Amino acid sequence: MSWSLARKVSAALVAILVCTMALTAYFGYAKFAEQMSAQVQSRFSFVVFTIKRKVEDGLSLGFALRQLRQTQDTIELEKARDDRVLGIEIYDASGEVLFNTDRGGVGSAVPEAWIEVLKGAPGKAFSLTDEEAGVVGMPLVNTLGKVEGAVVLRYPAAYLEQGLGEMLGRLAFELVLVVSGFAMVAAVAAYVLLGAVTRRLGAMEATLAKVMAEGGEAVPDPGGGDDFEVRFAEFVARSREAVEHIRDSTDEVERMDRLA
Amino acid sequence: MRLDSSRSLLVRLFILAVLVLVPPTAIVSYRALGAFEQGMAPEMDKKAAIVGQDLRTQLERAVGYGVPLERMVGMTEFFAPVLAANPELRYLAVSDPDGRLLYLHGAETAELQADFRTAGFGTGRDGHKISVGPYFDVALPVQAKGGAVIGHLHVGFDRAYVTDRLANIFLDVAVVLSVSLIVAFEVLLFVVFFNITGPLKVAGWVVDRVRRGDFEHVPSVWSGDEVGHFVRAMSNSVRRTDEAYRGLMAYIEEVRTAHFDAGVVARVAEVADRVRFLFRFSPDGRPAPLGQRMATDIRLPLFLFVFAEEMSRSFMPLYAGGLATPLPGLSVEMMTALPIAFFMAAIALASPWAARVTERVGSSRAFVMGMVPAALGYVMTGFVFGLFDLLLWRVVSGVGYALVTVAAQTYISQAAREEQRAQGLGVYVGAVLTASICGTGIGGLLAERIGFGATFFVSGALVVLSGVLLARIMAESEPPAVVAVAARPKFRRLLANWRFTVLMLFAAVPAKMALTGFLFFLVPMILWQSSLTLSEIARMVVLYPLVMAVTSAIASRLSDRFQWRAGLVALGGLIGGIGLLAPVVLDGTLPIAIAIIALGLSHGLSASPQLALIPDVCWTECRAFGRVSIMALVRTIERAGSVAGPLIAAAFIPMWGLNGAVIGLGVLVLALAAFFAIASGAYGSGPHIETEEETA
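Chains A and B, in that order, give the protein sequences.
Just so you know, we're using numbering that gives the first Met the number 0 here: the first sequence kicks off at 0 and counts up by one.
Just so you know, we're using numbering that gives the first Met the number 0 here: the second sequence kicks off at 0 and counts up by one.
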């Protein structure tokens with residue numbers, strides 16, 4: 000398939016435009032998702048922090064973690080305050096769940112990673128992700144500095160898409176509109192810009208065909224003719240001269256051949 | 000607009016590219032930022048509310064114990080840790096029911112008081128949000144035991160907080176846009192040169208020949224666009240003239256051999272002589288196609304190839320560091336430096352072999368051959384599990400890199416005529432510099448988002464794209480692969496030339512040591528340790544090619560105009576060495592930025608004059624062995640510095656730490672540059688032919 004100059008240039012520009020906009024949108028969304036995720040985590044971390052403070056107040060009074068029965072009410076109250084919270088759990092250092100907003104989960108074992116994270120960085124807040132949920136947690140530390148367990152809060156991993164799906168859809172539509180609009184601008188402008196080149200080449204080609212067929216002279220465009228056109232006019236003239244000379248010579252030879 | 004000159008058309012097309020790329024990016028970014036701000040606002044409100052509710056509970060507990068709200072003590076100590084732990088919050092305050100501020104931490108009373116007195120915060124437990132000057136204020140009612148509202152707790156955050164947090168998006172967008180504009184320029188350059196200017200230049204040569212009556216050639220252009228159509232019309236015209244000539248000659252020959260009248264035979268012979276005197280036609284029976292390779296043909300494939308390699312520039316030591324484990328006698332730092340050193344060593348060792356392959360199969364085929372190991376190396380680098388796999392695949396990539404760069408340089412030097420060799424070299428340097436800027440910038444961004452491994456896959460894909468493009472170019476204009484094999488330079492004879500030896504050991508080698516040891520190896524590690532993100536590291540590293548691109552253009556002119564070559568090389572070396580000492584007096588990332596800029600300035604000043612100095616310094620050797628061979632040897636010696644750089648830096652780290660290693664490298668580079676500066680005083684100017692006399 001042969002492509003015109005304008006089509007080649009506009010295809011190149013449109014391809015670069017699409018790549019640029021795709022990368023811009025991707026990096027922009029990634030940065031926004033990162034900030035939004037940090038903000039969501041920050042909010043849930045604060046919720047976890049308030050629960051931790053209350054539980055540690057109880058621990059400092061000398062109670063064992065599993066004895067702090069009011070903790071169940073506390074975590075259920077916090078879950079009820081925010082419909083984005085999937086669940087809140089408190090587990091001990093061995094990984095047994097002691098309190099859970101889903102009461103059926105009490106007594107079960109937490110994933111190994113939740114225990115590992117306590118060993119890795121005791122005393123520091125942590126965040127994890129599993130297939131469906133984001134997890135923020137904080138270790139529960141007694142007055143002697145020993146890690147007794149942890150409180151974790153789970154929230155939907157697709158929180159961002161769920162909450163902002165409409166807005167992102169609208170932005171994507173705007174993006175497609177803008178790209179389509181400017182792609183058309185690129186195509187039209189490429190045709191206009193290269194139109195001059197195309198027209199001049201077409202005119203020179205037509206002149207060449209006309210002069211070679213009918214005779215006459217190629218005259219460079221007085222308005223826009225450049226050095227190439229001047230040289231080309233000489234090319235046409237010289238080609239015409241050669242053809243005429245050869246034709247005259249052929250006639251001359253023929254004449255001599257016939258007369259003899 | 001001249002048809003066979005690209006400048007005006009390129010300028011117009013580049014303006015079009017700017018118009019097509021910048022406004023939509025700006026529009027989409029602006030709209031997205033507004034939407035993102037709106038999207039984040041509810042999260043900010045929720046955070047403020049949840050913090051406020053917790054603080055309010057504690058306040059109400061104190062009030063419940065009988066402490067009046069206006070007589071509480073230690074409120075600053077109460078608020079301070081909350082603000083410290085939640086940086087998005089700007090202030091915390093308590094006001095009485097009339098809006099009079101009782102306690103405030105994090106802002107000035109004057110900023111809020113007037114608005115608070117007139118606001119009317121309401122009594123809803125979930126709180127009330129208002130705009131106060133540069134802040135948003137979430138006010139939560141504080142109730143006494145009976146339920147009466149005795150005041151409000153205020154949580155304030157900056158209205159511009161979200162905008163500030165999202166402002167980084169613009170840096171990423173700016174990088175993407177800059178890279179896109181450079182890529183657009185490179186692509187348009189290729190489209191214009193390959194499809195318009197190049198074919199019309201060839202057509203112009205045929206036009207000039209025909210003007211002189213020479214119909215021996217037709218332009219060899221095969222594209223199906225308007226230029227191809229025009230050139231084919233020209234070719235057809237030449238061919239028709241040629242056919243008419245051959246018809247005449249056949250007729251004359253027939254008359255000469257068959258005619259009985261000697262007079263006629265003599266006269267038709269005169270006609271043939273006259274036609275041959277006036278016009279020249281191909282002796283081969285038909286016009287020969289006239290094609291010409293342009294140095295610019297290879298620029299886009301070369302750009303894409305170097306782009307692919309540069310994508311890992313800002314994170315290679317971090318990638319290697321994640322895989323490195325200490326071995327007896329080798330520190331982790333040394334293991335981390337090995338992939339860079341091995342890659343450079345592979346290039347150095349493979350280059351002579353690459354030159355022989357290029358001589359044998361031609362530069363275009365060698366270019367494509369080099370892409371196979373390069374692409375394989377990049378893809379497999381993305382899959383590696385340990386440092387030894389990484390070393391293997393970096394060596395494979397290095398072999399590919401050597402083949403491609405040697406082939407590209409050979410192609411350009413063959414395509415450019417002698418008087419245009421500097422322009423040809425400019426094509427190579429231009430492609431490498433712009434690719435370096437683009438690849439480094441976008442590579443860091445990509446690695447941050449999709450990971451190191453996936454970024455290497457992108458590199459592999461770019462190399463494949465480069466190969467496909469080149470194969471297409473080759474299909475249209477494959478040149479003969481005949482290259483005269485130059486005599487191999489005698490290394491000992493070259494080293495006996497003290498000017499050459501000093502230039503290599505005290506200018507060229509230290510420059511490469513600083514480049515690989517500092518920029519490629521130490522900079523990513525130091526900046527990563529300073530908690531910069533990968534995209535921020537990339538933006539810092541990209542300062543080097545940016546500064547170099549600007550400086551080298553100026554330095555080349557200075558060097559040519561004033562023949563000031565050794566001086567510029569010495570000045571560049573000193574600047575580079577002094578720049579590396581910046582961590583002696585400054586802390587943080589600023590001295591690293593200064594050192595990168597100084598290195599860019601240093602190499603920008605010295606790179607071109609150093610190349611230009613070689614023919615002067617090695618005048619007799621260039622005559623004996625050819626300039627190309629001498630230059631190839633110079634490249635190989637330089638690469639010894641490239642190999643040594645990261646190894647020396649890695650050896651310094653256990654002794655002096657990362658910043659100490661920069662300083663150590665700086666002292667070494669500065670000492671060598673100072674020696675060169677002193678020695679260069681004895682260089683004099685112009686070609687040094689006494690070496691020939693001495694060796695004769």
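Keep in mind that the hints were calculated from the coordinates and are not lab data.
Keep in mind it's a predicted model, so treat the numbers as computed, not measured.
Do not take every clue at face value.
Calculated pairs, EDC-like style, for lysine to aspartate or glutamate (alpha carbon to alpha carbon, straight line, at most 20 angstroms) [unchecked claim]:
#1 B/K200 <-> A/E75
#2 A/K53 <-> B/E59
#3 A/K78 <-> B/D125
#4 B/K45 <-> A/E233
#5 A/K53 <-> B/D53
#6 A/K209 <-> A/E233
#7 B/K128 <-> A/D81
#8 A/K78 <-> B/D53
#9 A/K78 <-> B/E242
#10 B/K45 <-> A/D81
#11 B/K45 <-> A/E33
#12 B/K45 <-> A/D82
#13 A/K145 <-> B/D44
#14 B/K200 <-> A/D81
#15 B/K200 <-> A/E228
#16 A/K51 <-> B/D125
#17 A/K209 <-> B/D125
What follows is a list of derived Cβ distance ranges for each label pair [to be verified]:
#18 A/A32 <-> B/S7: 38 to 46 angstroms
#19 B/G33 <-> A/C18: 34 to 42 angstroms
#20 B/A61 <-> A/R80: 21 to 29 angstroms
#21 A/A236 <-> B/S7: 26 to 34 angstroms
#22 A/D101 <-> B/D95: 42 to 50 angstroms
Just so it is clear, CB atoms sit at the ideal spot from N, CA and C, and this is done for glycine as well.
Hint check results:
The hinted pair formed by B/K200 and A/E75 fails the criterion: a straight-line CA distance of about 80 angstroms is larger than 20 angstroms. Distance check on the hinted pair: A/K53 and B/E59 sit about 16 angstroms apart at the alpha-carbon level, within 20 angstroms; holds. Using a Cα cut-off of 20 angstroms, the hinted pair A/K78 and B/D125 holds, with the two alpha carbons roughly 16 angstroms apart. Taking the CA atoms of B/K45 and A/E233, the gap is near 80 angstroms; set against the 20 angstroms cutoff, the hint is violated.
Taking the CA atoms of A/K53 and B/D53, the gap is about 11 angstroms. The hint holds against a cut of 20 angstroms. As the CA atoms of A/K209 and A/E233 are separated by approximately 15 angstroms, the hinted pair is consistent with the 20 angstroms bound. Using a Cα cut-off of 20 angstroms, the hinted pair B/K128 and A/D81 holds, with the two alpha carbons roughly 19 angstroms apart. For the hint pairing A/K78 with B/D53, the CA-to-CA distance comes to about 15 angstroms; that is within 20 angstroms, so the pair holds.
For the hint linking A/K78 to B/E242, the alpha-carbon distance of about 93 angstroms lies beyond 20 angstroms, and the restraint is violated. Taking the CA atoms of B/K45 and A/D81, the gap is about 10 angstroms. The hint holds against a cut of 20 angstroms. Taken as a hint, the B/K45 and A/E33 pair is honoured in the structure, with Cα atoms around 18 angstroms apart against an allowance of 20 angstroms. A threshold of 20 angstroms between alpha carbons decides the hint, and for B/K45 with A/D82 the separation of about 12 angstroms falls inside it, so the pair holds.
Proposed proximity of A/K145 and B/D44 is contradicted: the alpha carbons are some 35 angstroms apart, above 20 angstroms. For the suggested pair B/K200 and A/D81, the alpha carbons sit about 72 angstroms apart, so the restraint of at most 20 angstroms is broken. Our distance criterion of 20 angstroms between C-alpha atoms is met by B/K200 and A/E228, whose separation comes to about 13 angstroms. Of the pairs offered as hints, the one joining A/K51 and B/D125 is violated, with about 23 angstroms between alpha carbons and a cut-off of 20 angstroms exceeded.
A threshold of 20 angstroms between alpha carbons decides the hint, and for A/K209 with B/D125 the separation of about 87 angstroms lies outside it, so the pair is violated. Between A/A32 and B/S7 the beta carbon distance is about 45 angstroms. The supplied range of 38 to 46 angstroms therefore holds. Range check, B/G33 to A/C18: about 24 angstroms between beta-carbon atoms, so the 34 to 42 angstroms window is missed. Between B/A61 and A/R80 the beta carbons are some 22 angstroms apart, a value that agrees with the proposed interval 21 to 29 angstroms.
Taking the beta carbon of each, A/A236 and B/S7 are about 27 angstroms apart, inside 26 to 34 angstroms as hinted. Against the hinted window of 42 to 50 angstroms, the Cβ-Cβ separation of A/D101 and B/D95 comes to about 43 angstroms, which satisfies the hint.
Going down the numbered hints, you'll see the structure goes against 1, 4, 9, 13, 14, 16, 17 and 19, while the others check out.
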